[in-house]
Amino acid sequence: MTVTAEHTEPTTRATIRAIVPTIKAAKPTIKAAATDTALPVVLGLFVIAVVFGSLSEHFLSAENLTNLALQMAATGTIALGVIMVLLLGEIDLSVGSVSGLCAVEMTVLNVRHDVHPGLAVAAAIATGAAIGLLHGLMVTFLRMPSFVVTLSGLIGWQGLMLYLLGKGGTIDLPYDGEIASLSDTWLAPGLAWAVVAAIVGTYAAVLLISRRARANAGLPVTAWPWLVVRIGGLAVVLVTAVSVLSADRGVPLTFLIFGSLVVLLDLVLRHTVGGRRIYAVGGNAEAARRAGINVRRVRIIGFMSASTLAAIGGILAASRLAAVNQSSGGSDTLLIAVAAAVIGGASLYGGKGRTYAALLGILVLQAVTNGMLLLNVDSSVRFMVTAGVLALAVAIDSIARPARQ
Amino acid sequence: MLSIRGATKQFGAVQALDDIALDVSAGEVVALVGDNGAGKSTLVKVISGVVHADQVAMEFDGHPVRMKSPHDAQTLGISTVYQDLALCENLDVVANLFLGTERRRWSVLGHVRMERTTRDLLASLDVRIPDVRSPVATLSGGQRQSVAITRALLGQPRMVILDEPTAALGVEQTAHVLALIGRLRDRGLAVLVISHNLADVRAVSDRIVVLRLGRNAGDFVTSETSPQEIVGAITGAGDAL
Numbered sequence: 003m004t005v006t007a008e009h010t011e012p013t014t015r016a017t018i019r020a021i022v023p024t025i026k027a028a029k030p031t032i033k034a035a036a037t038d039t040a041l042p043v044v045l046g047l048f049v050i051a052v053v054f055g056s057l058s059e060h061f062l063s064a065e066n067l068t069n070l071a072l073q074m075a076a077t078g079t080i081a082l083g084v085i086m087v088l089l090l091g092e093i094d095l096s097v098g099s100v101s102g103l104c105a106v107e108m109t110v111l112n113v114r115h116d117v118h119p120g121l122a123v124a125a126a127i128a129t130g131a132a133i134g135l136l137h138g139l140m141v142t143f144l145r146m147p148s149f150v151v152t153l154s155g156l157i158g159w160q161g162l163m164l165y166l167l168g169k170g171g172t173i174d175l176p177y178d179g180e181i182a183s184l185s186d187t188w189l190a191p192g193l194a195w196a197v198v199a200a201i202v203g204t205y206a207a208v209l210l211i212s213r214r215a216r217a218n219a220g221l222p223v224t225a226w227p228w229l230v231v232r233i234g235g236l237a238v239v240l241v242t243a244v245s246v247l248s249a250d251r252g253v254p255l256t257f258l259i260f261g262s263l264v265v266l267l268d269l270v271l272r273h274t275v276g277g278r279r280i281y282a283v284g285g286n287a288e289a290a291r292r293a294g295i296n297v298r299r300v301r302i303i304g305f306m307s308a309s310t311l312a313a314i315g316g317i318l319a320a321s322r323l324a325a326v327n328q329s330s331g332g333s334d335t336l337l338i339a340v341a342a343a344v345i346g347g348a349s350l351y352g353g354k355g356r357t358y359a360a361l362l363g364i365l366v367l368q369a370v371t372n373g374m375l376l377l378n379v380d381s382s383v384r385f386m387v388t389a390g391v392l393a394l395a396v397a398i399d400s401i402a403r404p405a406r407q
Numbered sequence: 027m028l029s030i031r032g033a034t035k036q037f038g039a040v041q042a043l044d045d046i047a048l049d050v051s052a053g054e055v056v057a058l059v060g061d062n063g064a065g066k067s068t069l070v071k072v073i074s075g076v077v078h079a080d081q082v083a084m085e086f087d088g089h090p091v092r093m094k095s096p097h098d099a100q101t102l103g104i105s106t107v108y109q110d111l112a113l114c115e116n117l118d119v120v121a122n123l124f125l126g127t128e129r130r131r132w133s134v135l136g137h138v139r140m141e142r143t144t145r146d147l148l149a150s151l152d153v154r155i156p157d158v159r160s161p162v163a164t165l166s167g168g169q170r171q172s173v174a175i176t177r178a179l180l181g182q183p184r185m186v187i188l189d190e191p192t193a194a195l196g197v198e199q200t201a202h203v204l205a206l207i208g209r210l211r212d213r214g215l216a217v218l219v220i221s222h223n224l225a226d227v228r229a230v231s232d233r234i235v236v237l238r239l240g241r242n243a244g245d246f247v248t249s250e251t252s253p254q255e256i257v258g259a260i261t262g263a264g265d266a267l
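So the sequences go chain by chain: A and B.
Converting from the first sequence to the working numbering requires adding 2 to each position, the first position being numbered 1.
Converting from the second sequence to the working numbering requires adding 26 to each position, the first position being numbered 1.
Just chain B, same shape as in the assembly (with noise of 0.2 angstroms):
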């Protein structure tokens, strides 16, 4: 679905990404891992077009794309849920899913109806949520994390990335969400996931993409690789050999 050729980018005298080759189809979970300044998230910002490439050839569906800002990538169908969430605690989770798209007529909130799609997407997403009209401050750090990526959901993308979904939770929060992303997987949704996390990974991706100060260091397919060969390709431990 989304292919990516040749992507360099250059802040000031350090090469954030030198020439980083990214491929994720439709239905499939693709990790992109590696150590703090390989360029993962320099990588996340071109894609969902908060920074620009000084080169990079972009494909989506085929078509070649260029992303200017944030709005084109959301336009194309890429929604990303960054790692800190985005979410007004003050405000219930019906408020926060329709936030800047609240379902109106002329300028009246139709509350009843976000609050019925809200819970449709929560039950088809089976993420559960005590009350979807509390306030979010009072909802757990997995819940929240299942609330961002349901509200990237609603507006109906094609590929969803996820930046650092587990970092924050615990064992069985975590469990929640890669259960949550092996279900939008299985919605055909392509899915790429940013994170520090070896055994979430390896858990929840069908192929992993290291990345090494900036560029590719390997493609594997997750079920076929043993972590060593993962933690050498992120460490440069394999050049060494």
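The following block holds chain A by itself, in its conformation from the complex (with noise of 0.2 angstroms):
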């Protein structure tokens, strides 16, 4: 025993000496990733994969996670309208009533008016819109805090709503209509696939055709490992998706409508004049004013995605539940559409986030709430958990968030 104690103990002290340089050199760089990336709720995801996957045998079932994919969409796109407002150092708290007034409007136009589902639907998405412009206008023009603003348009919505369900308080939509078949239609797996294949052979095209023109222009390109390493990540991520998701129903049409919003945003934000003026603003607001960038009509439009995401997210609810009820948009949808958002890591001071927080935040809430409710726990416990997740998650932002004078 000694013998080896001594053969391993030099091997053990070089190795940590050969680490512990390692450890201080890779510091800077844990920080950036625990602030930066979306690394600790990847992580979060993984432990609460693996924590309720073994308390209970149905969590990571196809028939459950498929469910999931299911729920997120609605909720999802509210939280993606929560991180257009969060980005600008803003924010909404109008996103629930605002979901639960456009989903009512949709209803009442297509069952009550006999209006055209796609008409009531685009009606419903307008009227988002026009709120939104109401709130940014009131924000910029009248200079009221964002929070005063939507806290009145949380209760002022959610009380038009009401008005127009009337008395009977239910509004059923037809479950063989165009709206309510939404949320039952699923992607063929031969359908899936080539969605699949279409999305990693863009990102690789898009990869290659951007590293080489960086190449052109000599600036400096991504290593190839690196670069087969994150168009291989998203070929396992979708493929092992697809795969669960096929195993059951197959693939949402909601949660592709959901990803696509995702992706699409992200776009716009990292890509476009548009995108990269929102998180100037979000930034150093009297930085970007003194650059020439109309600040008020940059935080209109933020608002009045946030309010338009909310309409869509509302519409998507409502056709699961293929009805609009009085509690549409109502309860916990605004406080889960904004703590996803923050999980995920969108910063509640501006600037920093991307659109995929919305995806990770609205899976991690979801995935908790979802195994809980499978492991039959009681909804006060199941409160205090979310608190607690959505606490340790401003947490790091604001230990992230550099100190300002």
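In case anyone wonders, no lab produced these hints; they're calculated from the structure.
Where is the CB? At the ideal position from N, CA and C, for every residue including glycine.
Among the hints, erroneous ones may be present.
Here are some chain B residues pointing at chain A (derived, C-beta under 7 angstroms) [as the list claims (entries may be wrong)]:
#1 E115
#2 L117
#3 E128
#4 R142
Reassemble the complex: the two chains are provided individually, in unrelated frames, and hints are given to aid placement.
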């Protein structure tokens, strides 16, 4: 035994000596990774999967995961809207009420006035945009704090929704109508695989093309191994997801809509002038103003996107329930949407975060809720656990925030 | 290049500027010094179009000009770097340099073109930034100042005004920024530097213009002037003698 110890000890020491500088050097990187990337959330998801997977056989089953994907779309889309205002350093507390109001408007038009479903949906989305415009004008021209504007929106738009609903309180959407069947449409495996191939192929092509453009301009380029890791990583994630979902009913159409919105908005935010300006205003509004950016217009667009996405989320929720009622967009819709955005990594202080925060954050929240439901945990405990997850996410955000004078 | 005569500005009962004269030539660094309230900031704001003087005769390249807004100054080729730098800390160096003037095709950002220009510009000014794609929040004070100055050069101005460029910097970073100011002069730019720090002013300027209580209190050639003379002009000790 002693012999082995003597043998191993120098090696261990050497290893430690070799590792310590690496750790020291890695420290800033770890902090950067914890704050700038989705790493903490992904780790959290992994822990959630392991814990609930071991406690409940059903948790990681294809059926349950498909249900999760189906549940995510509505609130996830609303969370996406919340991110748009968080990036500006503002808040929108009305997204829940707006989602309910727009869903009710669509249903009333479609069911009571026999308006074509497509038109009803378009009208609901336009209403969302108009509400956002109103919020934006109040924040920019009347200089009201967004907290107050959208708090009154939270109450007021819910009031209007209840007024539209009338005495009955519930309106059912026809089960075989276009709107309700939206949530019961699944991608056939062949189509799902084609979509995966198209996404991975496009991603790889774009990476290679931009790499060549950078190389031609004499700029540093991504190392090949890292490029392969990124493309391979995306392929693995998508293939796993589609395999699991196809083992049950398939990829839900609503999930595809949500995912497309996430990707589309991320591209807009990072690769267009408008997106760049949203980040700039969120980072330093005064600097943006002096650089000639129309800060008011950027803020108004932010509030309009939040309310528009809230409307889309409300439509998805109504489609899934095949009805609207007095609690549409009410109770915890707003809280879950804001919590998801923050848990996913969008900063409450503005200027930081990507749209993937909505996807990851809602995944964490739904997975935790779903896991505890499977374990028959009382709702009292569920609330406390959800609060703990949110507090942890905000703590990470606050610590990561650079100290300001 | 820039010539100002008779700049006068009154804020209520306070005479901020009283018949000020100032000249800055191409390839020359002029330091504007003076105690608090001497009128340095007001004069700079008049030049950059932020504040309207009650009376002023301003000439740029021998042509009379009027500054109605900051935009007018920029159109003439006068670029100002304010003390607070006005950088977006969450954005990277490239994004900050092109803030408001992003290179684009339709609305899509030209990342490669902007980064190429950024690197070339930084290299030509010998400004060293570890990674131009990291957020400005990760840079040191001197690096941020350098980024702000570099941004001022992006519009190819002919005159640059720097407001307290070394105020918040350590010794080594101050040296970097002063060297950068020297390179602006070598490029043939007219440079106007406002500073409290006489050591920095002496290190970098060709001429020193002293203001005191809103009036011209001295115009010195740096190499021929002792620190005592400048301090005397700033404090007004010379008047008593």
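### Message
Check the structure against each numbered hint from earlier and tell me which ones fail, lowest number first.
### Response
none
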